[in-house]
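Line by line, the protein sequences give chains A and B.
Our numbering numbers the first residue of the first sequence as 485 and each following residue consecutively.
Our numbering numbers the first residue of the second sequence as 105 and each following residue consecutively.
Simulated from the structure, these hints should not be mistaken for lab results.
Treat the hints with care, as some may be off.
[Said to hold, decoys possible] Chain B stretches covered by chain A per the calculated footprint, using a threshold of three residues with CB under 8 Å from any CB of chain A:
| hint | stretch |
| --- | --- |
| 1 | 204 to 210 |
| 2 | 411 to 420 |
| 3 | 461 to 474 |
[To be verified] Across the chosen pairs, the derived CB separations fall in these ranges:
| hint | chain 1 | residue 1 | chain 2 | residue 2 | range |
| --- | --- | --- | --- | --- | --- |
| 4 | B | S243 | A | G492 | 45 to 51 Å |
| 5 | A | N552 | B | S243 | 57 to 63 Å |
| 6 | B | W269 | A | A559 | 50 to 56 Å |
No residue lacks a Cβ here, since even glycine has one placed at the ideal position from N, Cα and C.
Chain residues, written in single-letter form:
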Amino acid sequence: MNFDELFGHLGQHTVDGLAKGAIYALIALGYTLVYGVLRLINFAHSEVFVVGTFAVLGVWTAVGLENNPPVAQAALFLLLGLAAAALASGGTALVIERLAYRPLRRRNAPPLVFLITAIGLSLVIVEILGQLLPDTLGGTMTTLFGRPRQVVGMPTIIESKPLFTIAGTSITNVQFITLIAALVMMALLDWFINRTKYGRGVRAVAQNPETAALMGVNQDRVIMLIFVLGGVMAGAAALLWSMRTGITQNELGFVLGLKAFTAAVLGGIGNLRGALLGGLLLGVVEVYAATLYNSSWEDVVAFVVLVVVLMFRPTGLLGESLGRARA
Amino acid sequence: MIDKLREVDDRRRALLGGIGARWRALSRGQRFLAGAAMVVFAYYLPSFGKIPGTNLIIPGLVSLRTDYMDGGSNWSGVLFTCAIYVLVAIGLNVVVGLAGLLDLGYIGFFAIGAYSVALFGSLNSPVVHWLQQTFDLPSTWAVTWAICLPIAVALTMISGVLLGWPTLRLRGDYLAIVTLGFGEIIRIFARNMTEVTRGSQGINGIPGPEGAPSADNQYFGLIDPKWWYFLAITVVLLMVFAVWRLENSRVGRAWLAIREDEDAAAVMGVYGFKYKLWAFAIGAALGGLAGFLFASRYAFIDPTQFNVRLSILFVAMVVVGGSGNMVGVAFGAVLLAYLPERFRAIEDYRWLAFGVAMVLVMVLRPQGLIPSRRRARELEDRAKEAAASV
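Please model the entire structure based on the sequences and the hints provided.
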């Protein structure tokens with residue numbers, strides 16, 4: 485129990501945790517949106533994120549990005565990466581919806597059937613990225629799919645250095661961009677759901693699908709919309725992840741997905757602001773725990789948090805607001 | 105393409121239905137004889153394609169074996185793996201198929217079973233060293249294999265209850281995610297608690313029925329796993345019988361009732377939580393038993409053998425085979441264990457194939473390849489309700 489280290493640099497650990505949690509929060513949005521409308525855990529969402537990281541890597545490789553480019557170039561490449569990741573992730577999410585979930589919905593399949601399908605899909609995507617593409621494209625795209633199932637490194641787009649220091653707590657430029665970008669994406673999504681016509685459709689279907697249909701809301705279109713929105717958010721998370729860590733791997737999604745799901749449950753699944761709160765909180769808790777014990781226990785924290793939240797407050801901190809009352 | 109698949113599937117289903125009807129039309133004695141023939145066949149499998157006692161081979165059948173091709177694996181070894189997977193599938197079927205609880209962390213119980221025999225039975229385990237020092241025992245002392253068995257079963261049952269107690273009140277999909285986390289936690293514990301499990305170094309020297317692994321072992325050695333297969337298939341047959349009896353008991357009926365409609369079951373006086381906990385504990389014990397056999401056979405385990413992927417493979421065996429039907433899940437287990445061994449070309453793509461199989465089965469026929477009749481009717485009902493409400 486290393487309390488000295490934790491409380492000695494509390495501010496620093498908090499900032500580290502917030503930057504980490506921002507990415508969880510963005511992924512958590514995908515779980516929350518789909519759960520809010522369909523009351524379904526989209527297990528394959530973590531793979532939507534992984535596809536995004538590979539898209540970022542692909543674009544950066546294609547434009548020939550080198551380590552630490554000048555600022556203007558870096559900004560341009562970040563935007564390019566965002567566009568590619570959003571397209572790839574949003575597209576993947578849409579394909580998942582159309583190919584797998586829609587036929588099941590037509591048949592009124594039990595929730596577990598959806599979940600097993602999603603697990604199968606997630607396995608398929610992981611294997612396509614990890615085995616099929618390296619085998620077929622490995623020769624032509626060595627940097628992207630070099631060796632099957634290996635961790636792939638990316639060029640450093642922004643060198644991490646302290647941006648400013650407040651009371652002994654330094655915030656690096658990467659952390660700053662991560663946090664700001666995540667907050668902006670969140671704000672945009674929140675505005676979209678709460679203020680626009682399409683958002684009203686989403687909320688209507690979440691509250692009562694039949695009535696919404698009677699009011700002229702196209703349910704299938706709303707469902708496609710939420711999958712795409714969740715995918716785009718995962719794409720943004722993928723860009724931030726690539727910028728921060730500079731690596732990706734086909735099996736990256738499993739643990740990150742579980743953590744993001746935990747974040748969504750912690751904040752109240754189905755609640756957009758809850759996902760933000762849950763993500764940031766989980767990131768902070770994880771960094772604290774890793775400081776107190778040892779970073780090899782870091783992954784256990786999320787599961788413990790998940791079980792505790794589900795046992796004592798299953799509706800999460802802010803409650804489930806996008807969807808209906810808990811069944 | 106999908107229509108064609110459906111058509112093929114319908115024809116296959118008609119054939120299967122025919123077999124099922126014929127089986128039910130048999131008299132008790134005939135059924136007993138057929139069952140006995142299957143048991144004999146199970147014990148004959150290691151010399152499959154050969155005539156026992158001679159060196160003659162049967163040309164067509166022998167190509168089904170895995171050791172008659174280049175770089176093939178030992179046939180008895182593959183059979184042993186199949187038997188272990190069947191045991192796992194039967195255990196998981198109690199949880200997923202009968203009680204309707206999706207457990208994605210079944211590998212955790214498998215790991216606990218494996219680690220119990222390793223930690224108590226191996227001379228190289230820190231736990232045995234600690235016991236030796238505390239109770240002043242000779243340095244050759246370790247818990248006997250036969251006593252490790254009840255320890256393993258008890259520990260997995262307890263862990264099943266410990267996991268189930270807080271989580272079984274959750275809704276189905278939440279439960280699935282929490283159990284997934286549990287499976288991962290067990291692996292992380294095994295990896296990080298170096299002073300107990302020797303972490304990623306793993307534990308070797310895990311005993312079998314003849315004691316610690318050595319070249320003197322007559323039957324249960326490391327080279328020829330034939331006797332390991334006989335042991336495993338015996339356990340499987342015993343457990344099949346036990347679970348079959350359980351299925352047709354008060355507990356089994358309670359499970360089906362809970363699976364189909366928990367509220368209705370509660371109204372009829374079936375206390376869901378209690379029976380769910382039972383299903384969890386019994387399923388866990390069977391998983392632990394499988395892990396126990398697995399660890400004794402290979403005499404070495406380390407945490408990487410218990411990753412969550414295997415858990416998903418276990419679920420795939422159950423749902424592809426036909427959850428709720430023991431013949432179905434056993435078939436699924438054998439299929440998923442045997443095919444990648446026989447067709448080495450697909451080795452790299454086995455996980456992709458499993459994933460595709462899971463999605464296809466769920467989208468085209470969620471009741472599985474050899475479905476439980478009751479479960480199939482349930483799903484049809486739901487589909488009809490959906491059609492009526494549109």
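So, going through the hints one by one against the coordinates:
no., hint, in the structure
1, 204 to 210, "holds (count 3)"
2, 411 to 420, "holds (count 4)"
3, 461 to 474, "holds (count 6)"
4, B:S243 <-> A:G492: 45 to 51 Å, "holds, 46 Å"
5, A:N552 <-> B:S243: 57 to 63 Å, "holds, 59 Å"
6, B:W269 <-> A:A559: 50 to 56 Å, "holds, 53 Å"
Hint compliance for this structure: no hint is broken.
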